[in-house]
Structures are given as C-alpha cells and as structure tokens.
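Colleague: These are the residues of each chain, in order.
Protein chains: 2
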Amino acid sequence: MHSRKIIIIGGVAAGMKTACRLRRLDANADITVIDRSENISYGACPLPYYIEGLYDDLMEVRKTPAGALRDETFFANVKGFTTLTRTEATAIDRQAKTVSIRSLADDTTEVLNYDILVMATGNTPILPPVPGHDLNGVLPLKTMEQAEQLDQLADQAKNAVVVGGGLIGLEVAEALTKRGIQVTLLEMKDQVMATALDFSSAALVHRELRKNGVNLRLSEPLQRIEGKTSVEKVVTDQGEYPADMVVMAIGVRPVVSLAADAGIALGATGAIAVNDQMLTNDPAIYAVGDCVESIDLMSHKPVYVPLGSTANKHGRVAANAICGHPDRFPGILGSLVVKVFDLNVARTGLSAEDARLNGYDSVSLTATSPDIAHLYPGNKPIIIKLIADRSSRKLLGAQIVGPGVVDKRIDIVVSALTMGATVDQLAQFDLCYAPPFANAMDALHQAANTMRNKLDGLADSMSACEAYERLNGNEPVMLLDVRSPAEYEEIRIPGATLVPLGALRQRLDEIPKDQLIIPFCKLSLRGFEAQIILQQAGFTNVCYMEGGVLAWPYEYE
Amino acid sequence: MHSRKIIIIGGVAAGMKTACRLRRLDANADITVIDRSENISYGACPLPYYIEGLYDDLMEVRKTPAGALRDETFFANVKGFTTLTRTEATAIDRQAKTVSIRSLADDTTEVLNYDILVMATGNTPILPPVPGHDLNGVLPLKTMEQAEQLDQLADQAKNAVVVGGGLIGLEVAEALTKRGIQVTLLEMKDQVMATALDFSSAALVHRELRKNGVNLRLSEPLQRIEGKTSVEKVVTDQGEYPADMVVMAIGVRPVVSLAADAGIALGATGAIAVNDQMLTNDPAIYAVGDCVESIDLMSHKPVYVPLGSTANKHGRVAANAICGHPDRFPGILGSLVVKVFDLNVARTGLSAEDARLNGYDSVSLTATSPDIAHLYPGNKPIIIKLIADRSSRKLLGAQIVGPGVVDKRIDIVVSALTMGATVDQLAQFDLCYAPPFANAMDALHQAANTMRNKLDGLADSMSACEAYERLNGNEPVMLLDVRSPAEYEEIRIPGATLVPLGALRQRLDEIPKDQLIIPFCKLSLRGFEAQIILQQAGFTNVCYMEGGVLAWPYEYE
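Chains U and E supply the protein sequences, listed in that same order. Just so we're aligned, residue 1 is where the first sequence starts under this note's numbering, counting upward by one. Just so we're aligned, residue 1 is where the second sequence starts under this note's numbering, counting upward by one.
Take these hints with a grain of salt, some might be off.
As the list makes no split between identical chains, a pair holds if one copy fits it or if it spans any two.
Unchecked claim - No more than 30 Å apart at the CA atoms, straight line, and that leaves these computed lysine-lysine pairs for DSSO-like: (1) Lys301 / Lys394; (2) Lys380 / Lys178; (3) Lys380 / Lys63; (4) Lys97 / Lys394; (5) Lys301 / Lys380; (6) Lys380 / Lys142; (7) Lys233 / Lys380; (8) Lys380 / Lys5; (9) Lys380 / Lys158; (10) Lys301 / Lys228.
The set of hints was computed from the structure by calculation and includes no laboratory data.
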C-alpha cells in the first residue's frame, strides 16, 4: 500500500495540529514536520505572562496540561510522526512536488518529495526601519528566546518604551509595569486596539492604563531610537522617553515568501489565500494558521487576523480535508479578549466603524450593568456596546469592557452572530441565572432590551461621546444627573445638574423646556426612566446618555 | 381620554416588571399592583446567601443596584403606579371584570374594576404532610420572613436536616454548613437535581457535598419529624437524624387557585396556560412568572420551571402585548446554574434521559478540560457533557460541572440551542481567547470536536458509568491508565493498569487482544490517543473512557 508523504512546513500551533490530526485519521501516512527553531509547538500567547512572572519555567509554554514536553521525542512516541527542527525549507518545486531543506545545525541540504504539502509558516513581527531599531535592547515579543531576553532586560530596566497599542503591546506594558518599570506606551493612532475597538471602548482602556501609571502617548508615532550600543531613549516629534528596553509591538505580517516564490497565490491581505478546506491554488498544497487570511463572517471580506484560536481550527480542517473527511472552516468574527490590569476587554464581529465602512445602516447602544447580582460579593460592572443592523435587527458586533466578566458575554454574542440572531432573539435567550453568576436579567439581556427600545423608538439615547460633543457645542444643553445626592458627592460628570430620579416627577418645573435634556445615572436604567418621565410630562427634546457615569470616558469631578 | 385600568395580582418579580414596563409604554394607564405581603419586589434567589452571611442587611434583596428600596413610595414616585400591600385578591369576576380584594391590615374589602388583569401569583413551597411538619423550626425558604427565621435558628442550631436536593436544598445545605452546622441532606431520589442532571453529572455533586461534610442521604424519603414543640429529630426508614431545624425544599407548585376558581385555564403541568403573548384563555387576562407554564424549546412540550430569569422576561412580553407592541416569549431551555461549595454546576436543554424520553436517537459525550490556559494561575477543570441528535447532529443539551467556569460555556450552548446549531457549528465558533480566559481551543471546542469524532465513528468511547458497569461485569476488561507514573501515584481508579501513553507504542505486547481495552487519562485526550494507537496497531476492541479520572464519579484509590 502506498503511504502518502505529507510535509508540513512550520511546527508551532497550526502545523502541529494538522500533523496530529492527520496521524489519527491515517495510520499509514508518512508525516514530517519541518521547523527552523528548536522550540517547536510552543504557545506564544502566554509569553507576556512569563515576563510578568506568573509562571517560572518558560518551557511550560511547550508542555501539555499533563506536563509532558512537546519535543521531537514526544511527537514521535506519542503522536507518531517525524519532526525536523532547526531545519529551514528553502524552496518548493510544485511541478516536481519537492521541498528543499537545509539544516541550520550543519548546513547540509536535502530535497524531500511530497504528495501533500501544508504551509504553516506563521507570522513575523513588523519591525519599522527607524534609526536605532537595531540597538541592543530593542526587540519584539514573538519567540520564547525573545521572551527570555525581555525577562532578563526587565531585571535591570528602570524605563521601558512599548511601541504599539495592540494586544501584545498592552499585555507587555502591563507585565513590565508590574515588574516595577516605568512604561511609556507609544501609539501612532488616537486610540489603542484601533482595528478592534471603537474609540468609546478604547477610551476606557486608556483610563485604565493611565490609572496604573503607564505613560500613554496617543497619536504619537515613533521617530527614532537612540543609544550607543544599547537603547537609551526613544524620540518622537513630541518628546523623548528614556528607555532601557524597547518592545516593538506594532503588528505582525504573514510569512509568505516561500509560498509566493513557488507561485502559491496570496490574497488581498497579503496572506496566503485558501478555500474553506484550507486548500491553496495548488491542489496538493494546503495552508493553515498565521500565514493565511480568513473570511470575516460579517463582512464576507478577506481579513488577516492571526490568532492561536483560529490556527488550531485550521489545522483540524486541513487534516480532515487531506483525508477526505467532511469539514469546512467557515470564517472568523475577529473575536478577541485581553486583560489590561483590572480591566477585561473583549470584542467580536463588526465595530460601529466597521459597520459604517461595510455599508450597514447600523445602530449602536451602550449599556452598563453589574456582571453578577449586585448584592453578591465581588460583583463588578461591565460596559456593553452592541451594534445591530437597523432594518433586519440582526446583531453585527459587540464590545465589552469592564472589571467584571466580559468574555462570557462576548462568547454568547459570538454564538448569536454565527447563527444570525437578532437582538430580539438575544433578549429572550434562556441564559442560566443564579446570584453568583449573573442577574435575573443578565447584563446582555439588559443591553439587548435597551437596543430594542432604541430600535423601536421608545428610547432616545446617545453615547457618552455624543453627549460630550453636545455639551461642548453651541446649543444650550442640560446634562441631568438623576442619581442620589450620595452618589453625586462621590463622583460626578462636570457640568451636570442633580435632580434625583425619585424627585423628578415633583421637580419638573426646574427642567428647561427649550433645550436638549440629557439625563443619565450610574449605569443606564434611571437615565432611561428619566427620559420616559420627562417625555410623558411633555418634554419633547430629551435624550438619555447611554451607559451612565461608568461609561463616561472623560474626566470626572 | 379613557385611561385603562390594569390590575396586577402579585408584586414580586414578574408582576413588578409588568407594571414598570406598562408605565413606560403607556403614560395614561391606571396601574395597580396588589400583594399579600409587605415585602414586595424582593429577590428570592439571594436568600440562601443571607443565611450564609454573605450580606448583612436582608433589605438588600429589595434594593436596586443603586441602593434604592423598592417600596410603595419608590414605585409611586419613580415608576409611577400604585401598589397595595398586605392586600389579598379573594375573587375574580371575569364577566363583570372585577377583582375582590381584602386588606390584611383592617379586614376591609373592596371590589376593583379592571380592563386588563395580570396574574402574577407566583409559587408556593410544597410542604409534605408528614407527622411533625408543623413543629417549630420546620419551614421552607421562600419569603424574606422565612430567611430571617432560618438565620435566627442557625444561630443556635448544631444539627440541621434539609429535605430535598434541588437548587434551594443545595444552597441552604451549603449555607448552614458554612455556619458550622452539621447538615443532613435527605433526597428521596437516587441523585440530587434529579429533574436537571443526568446521574453522571449529579454524582460529581454528591462527591462535593460529602467532601464538605454534608451527610448526604440518597434514596431516602422523609417519614416523620419528631419533637415536643420544636423539632428534635427527623426519621426515615433508614435512620434518625438529630435536627434543631428542618428546611423543607422538596419543590414548589404554582399558586393558581384564584385563577382556577375564575375559570382561567390551567395547562398540563397544573400551572396557568398562556400563549406566547402571556395571554390566558380570557382575552382580558394575562399571566406571568412562577404561576404559568412555559414551552420547552427542545421538547416543544409544556413544562413548569419557575425561575426569576424567566419571570422578568414574561413581564416585559406581557406589558408589550397589552400595549400592542410586538413581542413574544418563545419558551425556555430549563437553563440553570448553582454553586455547590467549590463546584459550579450548570445545565441547559435536554439531559440524556430527557432526550430518550422525547424519542431522540441521541449521543452523549463527556469531556474534561481546564477552563483557562493550564499555565495561567487559577485554572481549574470543568467536565462537560454534551447531548446531540445522532442524525441531524444538532445539539440537544449540555451539563457542565467543575470548580472552573461553567456558566460561560452553558450560556454559549444556550445560544447555540436556541438558534439550532449543530455540534459542527459549535466546534467552529470563533470564541474569544487569551490565556486568562480560555484555551486556544476552548473546553467547549474540545468537547464539540470529541463529539464529532464520536458521531463520525472516529472515537469509540464510553462514559465513566458505562466503564464502571463493564468493569464490574462478567467479561474480562482491561482498564488502561495511560497517564504518567507520577500522576498514577497521586490518585488512581481501582483496578486500572498503568502504561504511560509515551510508552504504549513500544509496549503493545502487554495489552491483551482478547478483551475490551478501556484506556483513560486525567482529562480525555490521551485516552483517545491511546484508543487510536491501539486501533492502528490492530486492536479491535478498544473504547476509551470519556472525561478521564476527573469525571470518574466513584471512589479513587
């Protein structure tokens, strides 16, 4: 019996997943995985937590939950395939179906035949070629070796600059801050997580970073890095920042040159184009993981969002396809979650800005709620932004930020988005409830119902950003705080007038009829109640502020 | 303009929600809520935590998250409607459209007209008429007054008996145990949460109860309660249990006599029957909350599952319907979650037993995984049981038990069930991932993929309960532990043989070919790997044990 030769180039997440699944489906295939590094099959996502000091042995990122090291012997004995480490694939000959490889250990070369080839070449950090980028102490965080270097640099560093406010930049900024280092975070855009979050959500992250001592510099691109042999400072057009170490985290790009040189087609994003079986334009070549682009399930456009969660799914689908086992990879929602100090930040689907760019007539809604019963110890608020299509009422996306539990609610929305649910359906989901876990009406139900009120014209509301603009505009506006005097004493929004909700029906004569009234409270509910009371009393120009004081991303008094 | 008179009988969750929403939709309606108690609008679900001592002021259960007490004044001033407390509705005249009421304060009576009537009469605990049920110190937990009494009894009690292993019984058993009281939990069935969980899931709860010192007595119905004026002991056919207090928690039934006397139709469950607008058989009478039955979204049959989460949704739908605003209540999934000491327990949809009773050809699958990245501090295992329809591959239900985060995964399944997702779709959900929140392949993805393997005939597996039966059967069986020697030393299943997975390919000659081999590991993955290795080596009678050591509900060595 002919035993198929399958070569997989790249032995981290997607490549190894493909190999393991292949072996389970096909006892006879001759499977070889090739990787440049010695450190195969490692998890890159936990590396920032190593720098933070949350675990001591860096090799943990290569271990199974049961503690087995995923090395060549493990893959041979347990998984049953061959791994060639410190081996580079230098060329692919698609006609001859061969891969040329070179050993990094002894520089020997070899040509391997394949029946099936799988590209799992991953991503590489983008390193801007600014002056000083090659100084010692300037590096990205992608490999275990870099994590080790950054950990050692952090032992000595007093000041660090992190360039880029994406996921890795945020995680490293937190890790270094917790090591006692003064961190400056440089971001060229006016917000962190610019491709993931709308400004209103990102602004809450900005506050958390600053609260924890990070010197956050927005709209400030890196100009150059200075130092003799090692970095000493980072220079922008707005200032100079002392730095004993610089972490480059402006993003990654797919590693595609080997594929492109062989004529494997790239997609619009520059990553390898594949169909929903992970097959490239060559019927013998598949591609998986961070070197390929995916279809966005909401926009139906190709996107490049390299994440470990996607890579694992790719590997399974590719192996199934290679073995003729029905499966398909439908696409992604750009779901992600990140912990930034005491704030949890998650998103999925389209942002309001994405929805606009994709031509949707969308409605956004922000609602703040406690994550669990307010009388159960440990409850914390979360601020939910939902985006929905106005006519179909289908959910388009969500962003949730807060000290409370956000990943749970984003994952419910992930499920809802994947299945095409409307906000009306979401509002009726029979989510599980008990005080230690949720409210009888979960935060997500509250948000969905508030969105329904808005879609139905029952609630007139605006975001905190809109309210801020109106407040600073030319027309007179009354920002009406309907909380209790005690709450007002504790923290307040500048320029607001206090009329507690319970007294509002009796004090209507204090509310001007000739200007826009913007009621608000701590969360959202009393602000909405105030809008209803005022409208039922004949006020025609009332629009409550969504999300309350807790969603206000500007200064408090 | 005619202002509609709307009377709502019952002012706890569903009734008050209906009233509040009505006022927001209709400025002119004349809305009156009637309740027997002084303590209206309270949350019953947090009462066990009061007994546990997690909050000090019982009135918290009547307060808004902002701290406002929801009393008559609050509902008048903030919400804008009338509440008559300590007032009993004694009769409904549907022809005359009147409700007769009686003041419990001064015994005066009155007859009120209505245009629309809403029944929100709730539930009442079932109190078995055993001898001694009326002794002092024997009571259910339903009202704030009872919570206060139980709290006071607990101050003096050394021994308590809780009758009934449902949600309230479990929560009270934990609360009293944490107060230092020796608790005996009597359950007449052979498992706790009998209507919610399959035995395999409940068995894990049994272990947790016993580990925490609860004297769990299964299959042991209450016979009588003894004492002079106060309870002294509880007697069953198997023993006597000293008791300074007895909590009756065998279940609740809907309060329907007022409705039934007026000819409002009851459903098959004995609760009030309503359509998806919460309308009864009388076009002027709606019913909401714990006095009505719901449609089960999976079985399409009427069920009686009174929960606060459902009650709130009912109220909104009823108010919308009354005001002609489009909405419908689609039904429920019987979703619930409960904390039992350090174990979180949640379920939704059909159990395996429900699926069988409803005529499904269903497949069940148990898989154990860490809830977050295994190298991130605080990760804990969860044991997921999925139930799916064999031919359509649609999910039918799930049960998740473990010290880790279970509510998140159940709620994802809730969404999937509501929208009719298959296990294949669930496996591809783009759930959010970062090490503090999940694994790259979430526990739910692992479970879904394992279910796919089982449905596709790639994985031959059996539950721990099946393995236990085979082990204790007449045929020879090899229970094959493929964990590491260190894991084996720590804890093991009686009768298992150790061959670590990494050595299995080399030690195949030690495995008998003539008997059933049941490999297993700590979670599930290595057990499955072992099955594949053995099958690929020619072993034909191999079936791995799902969920590993952590899902084993019997004794360990």
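Colleague: Now look at each hint and say whether the structure bears it out.
Modeller: We went through each hint and held it up to the structure:
1. Lys301 / Lys394: Answer is both: 18 Å inside a copy and 28 Å across each meet the 30 Å cutoff.
2. Lys380 / Lys178: This pair counts as both: shortest intra-copy Cα distance 22 Å, inter-copy 24 Å.
3. Lys380 / Lys63: Close across copies (17 Å), not inside one copy (34 Å); limit 30 Å.
4. Lys97 / Lys394: neither (47 Å within a copy, 41 Å between copies)
5. Lys301 / Lys380: Neither. Shortest intra-copy (37 Å) and inter-copy (38 Å) distances fail the 30 Å Cα cut-off.
6. Lys380 / Lys142: Intra 33 Å, inter 27 Å, cutoff 30 Å: inter-copy only.
7. Lys233 / Lys380: Intra 39 Å, inter 43 Å, cutoff 30 Å: neither.
8. Lys380 / Lys5: neither (54 Å within a copy, 40 Å between copies)
9. Lys380 / Lys158: This pair counts as neither: shortest intra-copy Cα distance 33 Å, inter-copy 36 Å.
10. Lys301 / Lys228: neither (46 Å within a copy, 77 Å between copies)
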